[in-house]
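**Student:** Sequence:
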Amino acid sequence: MTDAPEPPSTPSQPPPVYIRPRREPFEHGLIPLQKLIFTDGAQTLTSIRDKLLQFPATNDRPHRVNSSVVSETLQISSEHARLVIDAIASVLYSDSDPIVTAKADEVDAVGVNVYDLIIFLYIQSYKRLLPRGHKDSAAVADVWPSTSAFDGFLSALTPLQQLVRSNSRRSMPSQADEEAHQLSYLQKHIGNIISLLADCVEGEGEDSLVLTMDKFEHLGFLLYFGEKGMEKSPLSQNAPFFANSDPDMPAVPVPASQVHDWILQNISDALDRISERAAAKENGQTSPSDQDVLMTDVSPNSKSPTSGKGPSFIEGISKQSYVKQASELKGSFVKVVNCHESVIYVLASLKYATVYGCSDATIVLGAVGKAVRIEHCERVHVISAAKRICIANCRECIFFLGVNQQPLIVGDNHKLQVAPYNTFYPQLEEHMKQVGIEASPNRWDEPVALGLIDPHDSHSHPAGISDCQAESATRLDPDQFTNFLIPNWLEGQASGSTKDNPFPLPDVYLSRK
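Position one of the sequence shown corresponds to residue 419 (my numbering), numbered consecutively onward.
Fair warning: there could be bad hints in the mix.
Pairwise CB distance ranges, derived in the manner of DEER restraints [stated by the list, open to error]:
1) ALA857 x ARG893: 16 to 22 Å
2) GLN605 x GLN472: 28 to 34 Å
3) ASP617 x VAL435: 26 to 32 Å
4) LEU471 x SER686: 30 to 36 Å
Lysine-lysine pairs mimicking DSS-like chemistry, simulated, CA-CA at most 27 Å apart [what the hints assert, rightly or not]:
5) LYS737 x LYS650
6) LYS650 x LYS633
7) LYS742 x LYS769
8) LYS851 x LYS769
9) LYS633 x LYS469
10) LYS769 x LYS917
11) LYS851 x LYS521
12) LYS737 x LYS748
13) LYS742 x LYS917
14) LYS521 x LYS917
15) LYS917 x LYS851
Treat the hints as calculated values from the structure; they're not laboratory data. Values in this document were obtained by computation on a predicted structure and should not be read as measured data. Backbone N, C-alpha and C fix where the C-beta goes; we use that ideal spot for every residue, glycine too.
With the sequences and hints as input, model every part of the structure.
**Tutor:** Structure, rendered in structure tokens:
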């Protein structure tokens with residue numbers, strides 16, 4: 419008896435690709451300045467857009483404006499206008515935009531695209547998802563002593579300040595929760611955002627607003643298509659009305675209402691997918707691929723980073739040294755979360771890094787080419803070479819910095835100190851070159867302090883409190899400055915040309931090294 423022939427195999431269908439929010443503008447592109455926050459939808463921003471478009475092109479670059487125009491139009495200081503442009507450059511969706519690679523003295527000659535600026539201003543109305551309660555209260559009690567030398571000061575804080583500080587003992591929301599929150603925000607507001615990009619043409623009703631392919635691509639500031647292990651796919655390559663457009667022929671503009679309906683349907687599908695994955699996970703039906711799609715966070719007790727489509731996490735390290743080299747990281751985003759009484763080394767070139775909820779630790783971040791955010795940390799030393807850094811709601815921390823832009827300090831901070839960069843490892847200069855960090859200028863000692871209260875959190879605040887300025891950082895006493903030596907055993911087989919600190923030290927610190 420012969421075996422029946424096997425049916426011919428059919429190629430498996432690739433999994434569907436869903437729309438996703440870009441986390442970069444929501445995590446690193448929010449500036450707590452009340453003058454940047456517009457709560458009337460597109461009404462005020464429409465007039466601001468029209469005013470910006472009336473200015474002459476910057477160096478014959480159409481639809482681009484420099485910091486003086488931004489300052490005049492938004493009625494903010496020149497320092498804050500430059501901060502806005504630098505923030506946009508750090509979260510742009512295209513590295514080919516000239517503002518991304520412009521050196522500090524070239525930024526105003528290049529200017530920022532008006533439509534990117536308008537989208538950036540619109541999302542300043544976003545409210546972050548509230549932190550969750552920590553999963554392991556016993557673990558927190560172990561690393562958060564009930565009393566400290568600082569607690570005497572806490573009794574002098576207002577209830578509002580204590581509320582803000584209480585958040586430092588909570589966990590970050592999961593990646594899946596944050597993605598759903600960001601998609602829900604865009605679901606509500608994408609109609610207004612599209613209207614700000616649209617052109618008005620002859621016609622009646624909604625069809626009088628149309629979107630060109632060029633304007634449509636600016637929505638890439640907020641959204642893309644992609645899954646784990648795949649390249650990010652621009653919206654224009656997935657939109658049925660612009661897909662595979664002839665590069666030699668301008669695509670025909672499409673009604674803004676058609677774009678709106680298409681994006682809403684894709685957001686709805688993505689939110690349904692997140693809900694289904696979450697329900698399956700709760701029922702114990704989650705497969706490894708589901709976890710990757712969910713971008714779930716790591717258990718607080720995990721001792722190794724994980725990487726889905728989202729960032730690599732280093733979470734829950736306690737009372738030990740921990741190192742990650744470039745070859746051990748799968749992406750260019752790193753989050754160091756809830757690490758205590760440890761020394762963490764991330765010796766790699768990165769785009770973004772976040773340090774959240776850490777205490778009594780030293781954290782060395784290699785070269786971060788876009789932005790670093792340090793939040794809700796206590797008694798932490800952070801050593802980093804970076805393009806820009808934002809410090810929020812921290813206390814008794816010291817930051818040893820090699821930064822090309824002014825450090826941004828926001829929220830309820832106390833007893834922060836800044837100092838020049840104080841270490842090196844063999845691949846440091848190579849990593850700096852990879853991500854576009856210059857050894858000069860180093861603006862470590864020029865912090866900019868903004869509001870005491872972050873209007874992007876979801877708490878309610880008393881009227882007028884937003885006008886209070888955050889406590890800034892002081893320079894570290896040169897007598898307390900020392901070089902930080904990275905142990906040779908961490909370098910392993912790695913080789914590099916860096917033999918010393920590439921950031922020049924001020925004389926007063928050089929004599930103390």
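**Student:** Against the earlier hints, flag every one the structure doesn't satisfy and list their numbers going up.
**Tutor:** Structure breaks hint 5 only.
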